[in-house]
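Visitor: Here the numbering used here is used: position 149 in the sequence shown is 149, and no number is missing along the way.
Please note that the accuracy of each hint is not assured.
[To be verified] With a straight-line cut-off of 20 Å between C-alpha atoms, the simulated DMTMM-like cross-links for lysine to aspartate or glutamate are:
1) Lys84 x Glu8
2) Lys24 x Asp313
3) Lys84 x Glu130
4) Lys84 x Glu28
5) Lys84 x Glu160
6) Lys24 x Glu160
7) Lys24 x Glu318
8) Lys24 x Glu152
9) Lys84 x Asp67
10) Lys84 x Glu152
11) Lys84 x Glu134
[Claimed, not checked] Pair by pair, the computed Cβ-Cβ distance ranges are:
12) Thr256 x Glu152: 37 to 45 Å
13) Glu120 x Ala49: 20 to 28 Å
14) Arg251 x Gln159: 42 to 50 Å
15) Gln156 x Asp267: 30 to 38 Å
16) Gln153 x Val125: 41 to 49 Å
17) Glu144 x Pro27: 27 to 35 Å
Hints are computed from structural coordinates only; laboratory data are not their basis. Just so it is clear, CB atoms sit at the ideal spot from N, CA and C, and this is done for glycine as well.
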Amino acid sequence: MTSTTSEEFALSIHGGAGTILRSKMTPEREAAYHAGLRRALEAGRVVLAYGGTALDAATAAVMALEDEPLFNAGRGAVYTSAGKQEMDAAVMDGRDRSAGAVAGICGPRNPVLAARAVMEHSGHVLLIGESALEFCRRQGLAFEEASYFFTEQRWQALQETLAMRQSGADDQDESRKHGTVGAVARDRQGNLAAATSTGGMTAKAPGRVGDSPVIGAGTWADNETCAVSATGHGEIFIRYAAAHEIASRLRYAGQTLDQASRAVVVDMLAPAGGSGGIIAVDRAGNVSLPFNCSGMYRGVVRQDGRLLTGIYDEPLIEFQKN
1 MTSTTSEEFA LSIHGGAGTI LRSKMTPERE AAYHAGLRRA LEAGRVVLAY GGTALDAATA
61 AVMALEDEPL FNAGRGAVYT SAGKQEMDAA VMDGRDRSAG AVAGICGPRN PVLAARAVME
121 HSGHVLLIGE SALEFCRRQG LAFEEASYFF TEQRWQALQE TLAMRQSGAD DQDESRKHGT
181 VGAVARDRQG NLAAATSTGG MTAKAPGRVG DSPVIGAGTW ADNETCAVSA TGHGEIFIRY
241 AAAHEIASRL RYAGQTLDQA SRAVVVDMLA PAGGSGGIIA VDRAGNVSLP FNCSGMYRGV
301 VRQDGRLLTG IYDEPLIEFQ KN
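Start from the sequences and build out the full structure, keeping to the hints where you can.
Guide: The structure is reproduced here in structure tokens:
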């Protein structure tokens, strides 16, 4: 995609790779996914349009996705094999590589705010479990009861997945295996930021942590190169340091953002079993959104305010605001 000028902004979001199978997607549900993506784009766009920071925009966009039960983060988080929800999130500021992350938590309404609190109000990068929750309480973050995060769709997905495991069946539905939300942004000052949040994999082992809160694997931002948020088979993304690998190709190999991101997602991760995708923006405002699976809920907005969203391997659709 074309780059921005020095004072223009760019924002990209994803609602997870591994979409609902086309055969199971209804027109009503497809419209709902596009609407959810557009709400998140608009939340981030407003921040950038009024001169806000890339970090604030990425955070706002991810919060909107966490509040939407259709996506696997926050209110729409999937369940572990034990029937619990364990959420992970991370943020990174490209100005100085400040970063914060949380893992294995349930309670904060917006896990991305928990990650940001770790970055801004502690001397650490990653907090987990009960200690992370206690830290969030001390920071005054909004908490919700377990009933707030319950969705019938996610609960039924757990039951179906457990039943398939017992029978040895596999319907190859990628939406069961991974799902994440994320945002990357470039603000008018040229600063970059990334934010990622997830409930993980349906029926994952309790205590399992994927790539989303692992800085350099599922989340990365550096003003000198790019900002990246990943979604997919987290174990593979961790092993290949996927997000940092893309940045390294820009820094050391002189590749363009699109060359680097596609080389990592298609040529490196896919052969290793790393189904998924990434969204990325570089310091010039170029955006890349490659994936190697059936689809990826995704969107882009720039200075002109056009909200572009997509689900499957097809051109992004423009939403005409009234």
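Visitor: Enumerate the violated hints, using their earlier numbering and listing them in ascending order.
Guide: Hints 1, 4, 7 and 16 contradicted; others consistent.
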